[in-house]
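> Produce the complete structure using the sequences and hints provided.
By UniProt numbering, the letter at position 156 of the sequence shown is numbered 156, and the numbering carries on one by one without gaps.
Some hints here could point you the wrong way.
[Unchecked claim] Below, simulated EDC-like cross-link-like pairs (lysine to aspartate or glutamate); rule was C-alpha separation at most 20 Å, straight line:
{"hint": "1", "residue 1": "Lys87", "residue 2": "Glu10"}
{"hint": "2", "residue 1": "Lys421", "residue 2": "Glu349"}
{"hint": "3", "residue 1": "Lys184", "residue 2": "Glu168"}
{"hint": "4", "residue 1": "Lys49", "residue 2": "Asp77"}
{"hint": "5", "residue 1": "Lys114", "residue 2": "Glu165"}
{"hint": "6", "residue 1": "Lys142", "residue 2": "Glu168"}
{"hint": "7", "residue 1": "Lys177", "residue 2": "Asp32"}
{"hint": "8", "residue 1": "Lys114", "residue 2": "Asp99"}
{"hint": "9", "residue 1": "Lys73", "residue 2": "Glu133"}
{"hint": "10", "residue 1": "Lys14", "residue 2": "Glu237"}
{"hint": "11", "residue 1": "Lys265", "residue 2": "Asp215"}
{"hint": "12", "residue 1": "Lys371", "residue 2": "Asp351"}
{"hint": "13", "residue 1": "Lys263", "residue 2": "Glu237"}
{"hint": "14", "residue 1": "Lys263", "residue 2": "Asp99"}
{"hint": "15", "residue 1": "Lys240", "residue 2": "Asp215"}
{"hint": "16", "residue 1": "Lys210", "residue 2": "Glu146"}
{"hint": "17", "residue 1": "Lys461", "residue 2": "Glu333"}
[To be verified] Using C-beta positions, here's what the derived DEER-type ranges look like:
{"hint": "18", "residue 1": "Arg17", "residue 2": "Thr383", "range": "53 to 61 Å"}
{"hint": "19", "residue 1": "Pro273", "residue 2": "Met176", "range": "41 to 49 Å"}
{"hint": "20", "residue 1": "Gly175", "residue 2": "Asp259", "range": "44 to 52 Å"}
{"hint": "21", "residue 1": "Gly175", "residue 2": "Ala257", "range": "42 to 50 Å"}
{"hint": "22", "residue 1": "Ala257", "residue 2": "Ala76", "range": "40 to 48 Å"}
{"hint": "23", "residue 1": "Pro458", "residue 2": "Arg6", "range": "43 to 51 Å"}
{"hint": "24", "residue 1": "Pro452", "residue 2": "Glu416", "range": "38 to 46 Å"}
{"hint": "25", "residue 1": "Pro452", "residue 2": "Asn325", "range": "29 to 37 Å"}
{"hint": "26", "residue 1": "Gly151", "residue 2": "Thr260", "range": "31 to 39 Å"}
{"hint": "27", "residue 1": "Asn275", "residue 2": "Arg17", "range": "14 to 22 Å"}
{"hint": "28", "residue 1": "Ile408", "residue 2": "Ile261", "range": "55 to 63 Å"}
{"hint": "29", "residue 1": "Glu349", "residue 2": "Gly385", "range": "21 to 29 Å"}
{"hint": "30", "residue 1": "Asn325", "residue 2": "Ala76", "range": "54 to 62 Å"}
Note that these hints are calculated values from the structure, not bench results.
Ideal Cβ placement from N, Cα and C applies to all residues, glycine included.
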Amino acid sequence: MSTEKRGIVEELHKPARRNYPRRKVRILGLFDLWQADLVEMQPYASVNKGYRYHLTVIDACSRKAWAEPLKSKTAADVTYALQRVLKAAGKSPKHLQVDMGSEFYNSKCQALMKRHQINIYSSYSTTKASIVERFNRTLKTKMWKEFSAQGSYKWVDLLPKLIREYNESVHRTIGMKPIDVTEKDVPMILQKLRGPPLSKIEKRRLARRKLNVGDHVRISRLKAMFEKGYTPNWSREIFKIVSVNPTVPITYDLKDAHDTIIKGKFYREELQPTNYKDTFLVEKILRRKKNQAFVKWLGLDASHNSWIDRRQFDKDGNMQEWWNNATIRAFREQTQCIIDQYSRYKLDEVDLFLNGRMTQGENIADNGGLKQSFRAYRKWVKTHGEEKLLPGLNMTHDQLFFLNYAQIWCGTNRPEDALTKIRSSVHSPGRLRVLGPLSNSVDFARAYNCPPGSPMNPTSKCSVW
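Here it is, written out as structure tokens:
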């Protein structure tokens, strides 16, 4: 493993801090901000009439909660559940914070949000929706206590009762029952939510800038409930800091590789500066074309898939420019030499010249493959010694090597087939796959004693690899 790749691995698996000072959730009043989440209950669907999920919604100010069971998380089911919550609440919030799942971002749900004039948004990290996450933990604790008491996992019929008990109990954060909160209670609640003012020393400590605009960073990953502890703690995708916010603590705005601004603010503890902002790893080559490859990048979604030159990979599969300018210039010159050479070949049966540009990738491969194969053969001979000559055949082993290569491409084509191939194939016809590489081979010319300047030993040869 290269030093660079090892460095990337170390970054991905570096421990991520989970507990650190955060800003208070900014709330202006009742129905200003709701948070919603979809809770999976699939293992217990068989004893709950096929219901596999429940949607939980909570008002960030009053802490009043609603919940609706769902049989699936399709756009239709989630939208209908949100409609039922809005009807039960009797009023729409100004903002709805959800995760980035497609169950919330679809045409049906977006139409519902538009109809009720709700601004729906998400943050990259699910820890941002802390109020609904905390409520889900409370609800699950109560639910599992009931499971233990009743000896079954029937939660659908329990859900309304648990929500009612929660809303009618004094909430520790706001100091009153969520169901009793009215507009006159809002100033007192907001004061409680803000908490005591920070000291000057605390403010200075939390306001200390640690990252700057233009820095490249990874974002910490929140692992799923059953995800292994040894999976990466940080995103493979790399982001760029575009602004530093003078909040307490300081927060940062990011954009991705497409220059799209990432919704939400990020704390310093959620970001890890990277030393490998220009290094990308290829997960899979999807298609090949000549000297190019269409690739899927490791850790990036399909929108980042792209065509690249194969030479842009180093020996460890990292994408980076490892050729200097002189090498690139020489490669282009020799590639053009191959293009010009093969463009001079004519296929007599159809009276057409070969398209050297269209076939360049395979022609370069044929020439390089022949050269390396002969070198490998000579290395074998050096280790094991020359074989005995075949009786009755007045040819050396080196000559037989090239004869065998030529026999691979021995064949004929009907004129119709030859016409189709010369117009559309990236491979040269078999006869030219022999003449081209052999005329460029100094080893072939030496084996057959071809006179310099002859058709099979031209003074000017093309050699890429």
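> Check the structure against each numbered hint from earlier and tell me which ones fail, lowest number first.
Hints 1, 5, 12, 16, 22, 26, 29 not satisfied by this model.
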